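Required output: the full structure, derived from the provided sequences and hints.
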Amino acid sequence: MRNSSKNKSPIEMNCHDWMCQHHENLKLGKYVDIGAFTYINAKSGVTIKDFVQIGSHCSIYSVSTIDEKEEEVILEENCRIGTHSVIMPGLTIGKNSIIGAFSFVNKNIPANSLAYGIPAKVIKRLNKRKIKNE
Numbered sequence: 002m003r004n005s006s007k008n009k010s011p012i013e014m015n016c017h018d019w020m021c022q023h024h025e026n027l028k029l030g031k032y033v034d035i036g037a038f039t040y041i042n043a044k045s046g047v048t049i050k051d052f053v054q055i056g057s058h059c060s061i062y063s064v065s066t067i068d069e070k071e072e073e074v075i076l077e078e079n080c081r082i083g084t085h086s087v088i089m090p091g092l093t094i095g096k097n098s099i100i101g102a103f104s105f106v107n108k109n110i111p112a113n114s115l116a117y118g119i120p121a122k123v124i125k126r127l128n129k130r131k132i133k134n135e
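Here the sequence shown stands for residues 2 to 135, numbered as in my numbering.
Honestly, I wouldn't trust all of these hints.
[Stated by the list, open to error] Taking lysine to any residue pairs in the SDA-like style, the calculated list, with each CA pair at most 25 Å apart, reads:
1) Lys-96 / Gly-36
2) Lys-31 / Ile-67
3) Lys-44 / Val-64
4) Lys-44 / Asn-128
5) Lys-31 / Thr-66
6) Lys-125 / Asn-113
7) Lys-122 / Glu-78
8) Lys-28 / Lys-125
9) Lys-70 / Gln-22
10) Lys-70 / Thr-84
11) Lys-28 / Ser-45
12) Lys-96 / Gly-30
13) Lys-125 / Ile-67
14) Lys-125 / Lys-70
15) Lys-70 / Tyr-32
16) Lys-96 / Ala-37
17) Lys-129 / Glu-73
18) Lys-70 / Gly-46
19) Lys-28 / Gly-83
20) Lys-108 / Leu-29
21) Lys-31 / Gly-118
22) Lys-122 / Leu-92
23) Lys-122 / Tyr-40
24) Lys-108 / Thr-66
25) Lys-129 / Asp-68
26) Lys-50 / Leu-115
27) Lys-50 / Asp-18
28) Lys-44 / Tyr-32
29) Lys-96 / Ile-67
30) Lys-70 / Lys-31
31) Lys-44 / Met-20
32) Lys-28 / Leu-92
33) Lys-31 / Gly-83
34) Lys-108 / Val-87
35) Lys-50 / Pro-120
36) Lys-108 / Gly-30
37) Lys-129 / Thr-93
38) Lys-44 / Arg-126
39) Lys-108 / Ser-57
Derived from the structure by calculation, the hints contain no laboratory data. None of the values given here were measured: they were computed from a predicted structure.
As structure tokens, this is what we get:
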């Protein structure tokens, strides 16, 4: 455990090799899969609902020191975040949505969508068959 200041929350690497700062504000649902070396800053709250998958080396921020935004991040049920993606504060990734690898997400992503890029953009809507098979 590392702590550079008495006023800062410690960053803890867990046994699965992902880390969370301000872990007291992290809400994890059931059957969540978080890849190795992912960083979560939950100072303003991060909610990860059931069946969410997050790839390795992702960053999820509920606080941004660049634009001073501080808001909860919500990852809805069954969404999937590709490896090396960044999720900025105040966003919701909708139910069943997929974020492609190496994406920078700075806007809400609606349910049942495929989005990717820098910045991430919705590329297509997913139908029930695509959601089930992908």
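Against the structure, the hints:
Taking the CA atoms of Lys-96 and Gly-36, the gap is about 19 Å. The hint holds against a cut of 25 Å. Between Lys-31 and Ile-67 the CA atoms are separated by roughly 33 Å; this puts the pair beyond 25 Å, and the hint is violated. Of the supplied pair hints, the one linking Lys-44 and Val-64 holds, its CA atoms being roughly 7 Å apart against a limit of 25 Å. Straight-line distance between C-alpha atoms of Lys-44 and Asn-128 comes to about 35 Å, which puts the hinted pair past the 25 Å bound.
The hinted pair formed by Lys-31 and Thr-66 fails the criterion: a straight-line CA distance of about 31 Å is larger than 25 Å. For the hint linking Lys-125 to Asn-113, the alpha-carbon distance of about 9 Å falls within 25 Å, and the restraint holds. A C-alpha spacing of about 20 Å is found between Lys-122 and Glu-78, which places the hinted pair at or below 25 Å, so the restraint holds. Taken as a hint, the Lys-28 and Lys-125 pair is broken in the structure, with Cα atoms around 29 Å apart against an allowance of 25 Å.
For the hint linking Lys-70 to Gln-22, the alpha-carbon distance of about 17 Å falls within 25 Å, and the restraint holds. Using a Cα cut-off of 25 Å, the hinted pair Lys-70 and Thr-84 holds, with the two alpha carbons roughly 24 Å apart. With a C-alpha separation of about 12 Å, the suggested pair Lys-28 and Ser-45 falls inside the 25 Å cut-off, and the hint holds. For a cut-off of 25 Å, the pair hint linking Lys-96 to Gly-30 stands: about 13 Å separates their Cα positions.
Using a Cα cut-off of 25 Å, the hinted pair Lys-125 and Ile-67 is violated, with the two alpha carbons roughly 30 Å apart. Distance restraint check for Lys-125 and Lys-70: the Cα-Cα separation of roughly 28 Å exceeds the 25 Å cut-off, and the hinted pair is therefore not satisfied. At most 25 Å may separate the alpha-carbon atoms for a hinted pair to count; Lys-70 and Tyr-32 exceed this at roughly 30 Å. Of the pairs offered as hints, the one joining Lys-96 and Ala-37 holds, with about 23 Å between alpha carbons and a cut-off of 25 Å not exceeded.
Distance hint between Lys-129 and Glu-73 is unfulfilled; the C-alpha atoms sit about 28 Å from each other, more than 25 Å. Between Lys-70 and Gly-46, the direct Cα distance comes to roughly 13 Å. Compliance with the 25 Å bound is thereby established for this hinted pair. Our distance criterion of 25 Å between C-alpha atoms is met by Lys-28 and Gly-83, whose separation comes to about 20 Å. Restraint check: the Cα-Cα separation between Lys-108 and Leu-29 comes to about 22 Å, which is no more than 25 Å; the hinted pair holds.
Of the supplied pair hints, the one linking Lys-31 and Gly-118 is violated, its CA atoms being roughly 28 Å apart against a limit of 25 Å. Between Lys-122 and Leu-92 the alpha-carbon distance is near 14 Å, which keeps this suggested pair within the 25 Å criterion. With a C-alpha separation of about 23 Å, the suggested pairing of Lys-122 with Tyr-40 holds against the 25 Å cut-off. Only pairs whose Cα atoms come within 25 Å are accepted, and Lys-108 paired with Thr-66 is accepted, the gap being roughly 17 Å.
Between the alpha carbons of Lys-129 and Asp-68 the distance comes to roughly 37 Å, so the proposed pair goes past 25 Å and is violated. Between Lys-50 and Leu-115, the direct Cα distance comes to roughly 18 Å. Compliance with the 25 Å bound is thereby established for this hinted pair. Our distance criterion of 25 Å between C-alpha atoms is met by Lys-50 and Asp-18, whose separation comes to about 20 Å. Note on Lys-44 and Tyr-32: the hinted pairing holds, with a Cα-Cα distance of about 23 Å set against a maximum of 25 Å.
Under the criterion of a C-alpha separation no larger than 25 Å, the hint pairing Lys-96 with Ile-67 is inconsistent with the structure, at around 28 Å. Only pairs whose Cα atoms come within 25 Å are accepted, and Lys-70 paired with Lys-31 is rejected, the gap being roughly 28 Å. For a cut-off of 25 Å, the pair hint linking Lys-44 to Met-20 stands: about 13 Å separates their Cα positions. Distance restraint check for Lys-28 and Leu-92: the Cα-Cα separation of roughly 15 Å lies within the 25 Å cut-off, and the hinted pair is therefore satisfied.
For a cut-off of 25 Å, the pair hint linking Lys-31 to Gly-83 stands: about 19 Å separates their Cα positions. Taking the CA atoms of Lys-108 and Val-87, the gap is about 11 Å. The hint holds against a cut of 25 Å. Between the alpha carbons of Lys-50 and Pro-120 the distance comes to roughly 24 Å, so the proposed pair stays at or under 25 Å and holds. The straight-line distance between the Cα atoms of Lys-108 and Gly-30 is roughly 23 Å, inside the 25 Å bound, and the hint therefore holds.
For a cut-off of 25 Å, the pair hint linking Lys-129 to Thr-93 stands: about 20 Å separates their Cα positions. A C-alpha spacing of about 32 Å is found between Lys-44 and Arg-126, which places the hinted pair above 25 Å, so the restraint is violated. The suggested pairing of Lys-108 with Ser-57 holds, with an alpha-carbon distance near 21 Å, which does not exceed 25 Å.
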